[in-house]
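Chains as they are written, first to last, in our numbering: chain B, 58 to 398; chain V, 58 to 398; chain L, 58 to 398.
It should be emphasised that the hints constitute simulated quantities derived from the structure, not laboratory data.
Only true hints are included.
Since the list can't tell identical chains apart, any single copy or any two copies may satisfy a pair.
Straight-line alpha carbon distances no greater than 27 angstroms define the calculated DSSO-like cross-link-like pairs of lysine-lysine that follow:
{"id": "1", "residue 1": "Lys89", "residue 2": "Lys249"}
{"id": "2", "residue 1": "Lys135", "residue 2": "Lys59"}
{"id": "3", "residue 1": "Lys89", "residue 2": "Lys59"}
{"id": "4", "residue 1": "Lys249", "residue 2": "Lys140"}
{"id": "5", "residue 1": "Lys339", "residue 2": "Lys350"}
{"id": "6", "residue 1": "Lys339", "residue 2": "Lys370"}
{"id": "7", "residue 1": "Lys350", "residue 2": "Lys368"}
{"id": "8", "residue 1": "Lys249", "residue 2": "Lys318"}
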Amino acid sequence: MKHTAGELAAYLGATLHGDSGAAISGVASPEKATAEDLLYLDSPKNRERVANSAAGCVLARPGVRLTSKTILEVEQPKFAFVKAAAWLAPQVALKAAIHPTAIVPKTARLHANVAIGPYVVIEDGVQIGEETIIEAFCFLGSASVVGKNCRLHPRVTLYPGARVGDRVEIHSGTVIGGDGFGYVFGEGRQWKFPQIGTVSVGDDVEIGCNTTVDRGSLGETHISGGVKIDNLVQIAHNVQIGEHTVIAAQTGISGSSSLGKRVAVGGQAGIGDHCCVEDEAKVGGQAGVVVGKTVRRGQTVWGTPARPLEKFKEQYAWFARLAELAARVGKLEESEHGEKG
Amino acid sequence: MKHTAGELAAYLGATLHGDSGAAISGVASPEKATAEDLLYLDSPKNRERVANSAAGCVLARPGVRLTSKTILEVEQPKFAFVKAAAWLAPQVALKAAIHPTAIVPKTARLHANVAIGPYVVIEDGVQIGEETIIEAFCFLGSASVVGKNCRLHPRVTLYPGARVGDRVEIHSGTVIGGDGFGYVFGEGRQWKFPQIGTVSVGDDVEIGCNTTVDRGSLGETHISGGVKIDNLVQIAHNVQIGEHTVIAAQTGISGSSSLGKRVAVGGQAGIGDHCCVEDEAKVGGQAGVVVGKTVRRGQTVWGTPARPLEKFKEQYAWFARLAELAARVGKLEESEHGEKG
Amino acid sequence: MKHTAGELAAYLGATLHGDSGAAISGVASPEKATAEDLLYLDSPKNRERVANSAAGCVLARPGVRLTSKTILEVEQPKFAFVKAAAWLAPQVALKAAIHPTAIVPKTARLHANVAIGPYVVIEDGVQIGEETIIEAFCFLGSASVVGKNCRLHPRVTLYPGARVGDRVEIHSGTVIGGDGFGYVFGEGRQWKFPQIGTVSVGDDVEIGCNTTVDRGSLGETHISGGVKIDNLVQIAHNVQIGEHTVIAAQTGISGSSSLGKRVAVGGQAGIGDHCCVEDEAKVGGQAGVVVGKTVRRGQTVWGTPARPLEKFKEQYAWFARLAELAARVGKLEESEHGEKG
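Let the sequences and hints guide you as you build the complete structure.
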């Protein structure tokens, strides 16, 4: 959507220096920007890239000036940039249609204004809300529910009964509602613990590609509103994830663990069974939170077993100087030996 | 299937206290249970949840009593619960049918009593056994074989020639028989080692979502009967996995490694090439068994490089007290210096 | 393709001892080999397996002799074997055809000589080169491009605009071009950083099963020619991977990192944001290269945080002997105490 720099400044509450009538139609990288693309500058090291770009308008911190650029002064240029990007993004008009190859039973309740792609399979009793897009090869198991304004990219699977809120985006290859992993060994073989629970995904959630979210065993797996999950993440049965939490790629959350609100989990982290990661805690990349542990509110942990970051750093600093410490002990022993010898 | 408490007690060999005629139709969590749902109580901390539930019958250890509940006394309540759950589970009658959109060549040999879902692609020479269910978007490559009473959830891929036994369940997105990963660098580029071997999955195996099991390079990748594999697991070429072994999510087993029987592997563990994990060993979550190593029968290992758990704990205890040890060395040095000074 | 030992010796530049007219039609393992299969022997421990096989011809180092086998002497038997395997591999004639269930819009430009499998979905403006095979359930988003002589196994997703070079093989379940993972928290919620960049894959690349490669955020994600990527790997937005680099299963490369040429990354390794792994470096299995770090050209690193392998080994040796070091300190303290006492 095309706007002027003045309109954008008003939307963002930015102070404008330069041409308030300059057209802005999108965002870009400095290298790809045209005159109508908006850039942001939040670090001196990028100053030259931005200055040399073709862009006409730049979001920058108060006082920053760039020759022949219109500046929109804001406290947080990157945040203003993402807000602007969302505002400028072209609103694609949904072409409401059900592709003739999609299989939609009469028992399914689809809002009139939905887009169902080719080779979609919808089972009995499925519900789909307004302006939702279901792309090719998606499978919506019986009685599953997808809210309004959602987008399921090609090849998403919802197991029967899975529930997805509004404005949810799920990327290609992701599976919601598979059976949890629980067995009891007895009489010479593994017996499956019943995996008959439910799974629900709140509003405004985004889930990456090839991620797996299991249903509850007897209870529910729940992903709260505003949560963002990357690719190849594993969410086990009965996990609870609080609002606005972000989970990076290849992380695994084991059975019955709960994460609070606004938690940040790095890539490849592992959280054992029955853990509790409280609000606003941070779990570093590859960290391993051991079974049953709690990460306190706001705490940052790293390592396996995961411990507070400052502790990890202190321990690691000593670890890295072990050879030196051993040499000091050797010297003491020598001296001791000398005295006695 | 509806039963009475008396019938269930007889099936489980449990001692009944209470109403032997009480109806039991399923299992549930304490919070969701109706009067006809069975619960289990194996820890005092859950006593209140169970006591306050609507359930009429509870599996518990000998001597446990709950007001107005019928008790089935057993030594292992959780194990009895999973056995009961399997016994009570509704037996869904298979609707034998091949969906008109499924592609089934004349050279495929399907038992008359199978259920093939929409948009399934079956190639030449495929065999499918009695009462097997193949759900939407499954791809069965040429000459692949699936036994009887199997269930392939939507979107499972079997590469050509892959063999799957009886009573196997494979979840959505899993790929069996992809090419192994092996290259030799020479003449300025990577050359692919031939990946022309086979892959076979034994009876009573369950495999989670988005897992990958590669075919052998020249030989065979083999998953034995009763093995249970979680989501997003990687099983490389030529791997051998023994009976009743369980492998948690996001674990990777590298080329030519072998796991024995009843091994338990935690989540995100990595087992290098040419390792041997013997019967009943346990590999902890995120542990890394280094290339070529053996984990002895019954041993529990943790850490990277993986070592016996007791060793890990001892080392870690010292590691956590390194600052203290260094302070002690410092004090000795001071005293030494004092003497000499 | 059937050849003689003499022809193969000429192709490989090998010195032949034995029957130059012996027929060779393929490669195999010693256990499965027929008289016409080629084997290689590069380690004395395999000598018996090879000697006892039915194979007529064996690649071996100069001077090696096996009773009644024709020997092709080469410096690197394994490398010669992979070269021979490629040379001997049956050239399957492509059956150019578009399956009637494939959806191909008029705006797509497909070379006349392509094979498009059942239930393939191709969107507007897609280009596909000569002799390329697109198998069942592949999804090629609008304006995506696939070069010539490629093979996309069943169920590969290319997001709109993804570009794939020539002679590329992509295995089942892999997704190229999903949105990168970047959010900025503000005003009480996560805002998505725009993910509007591109993704390109060079020539001669092979990518395993269920791997994910994200598009650039504003710029490009690029995988150079000759790169080989295993199963379940995550390649984040804006990552650059140099020629002939190999990346083992379940590894994750975070946003904006670059890997040089001929780098080798072990399984389950993690490379943080904005890292630089220079040419010919090696990152060990499960290693974690911390955000922003550089791994120098040719260096081998291991552990988390990743450090040079020799340093890791030295540190780990001390770590494993911490109890002993502590005992030495204790003894010194005792002696000190004795002197003073």
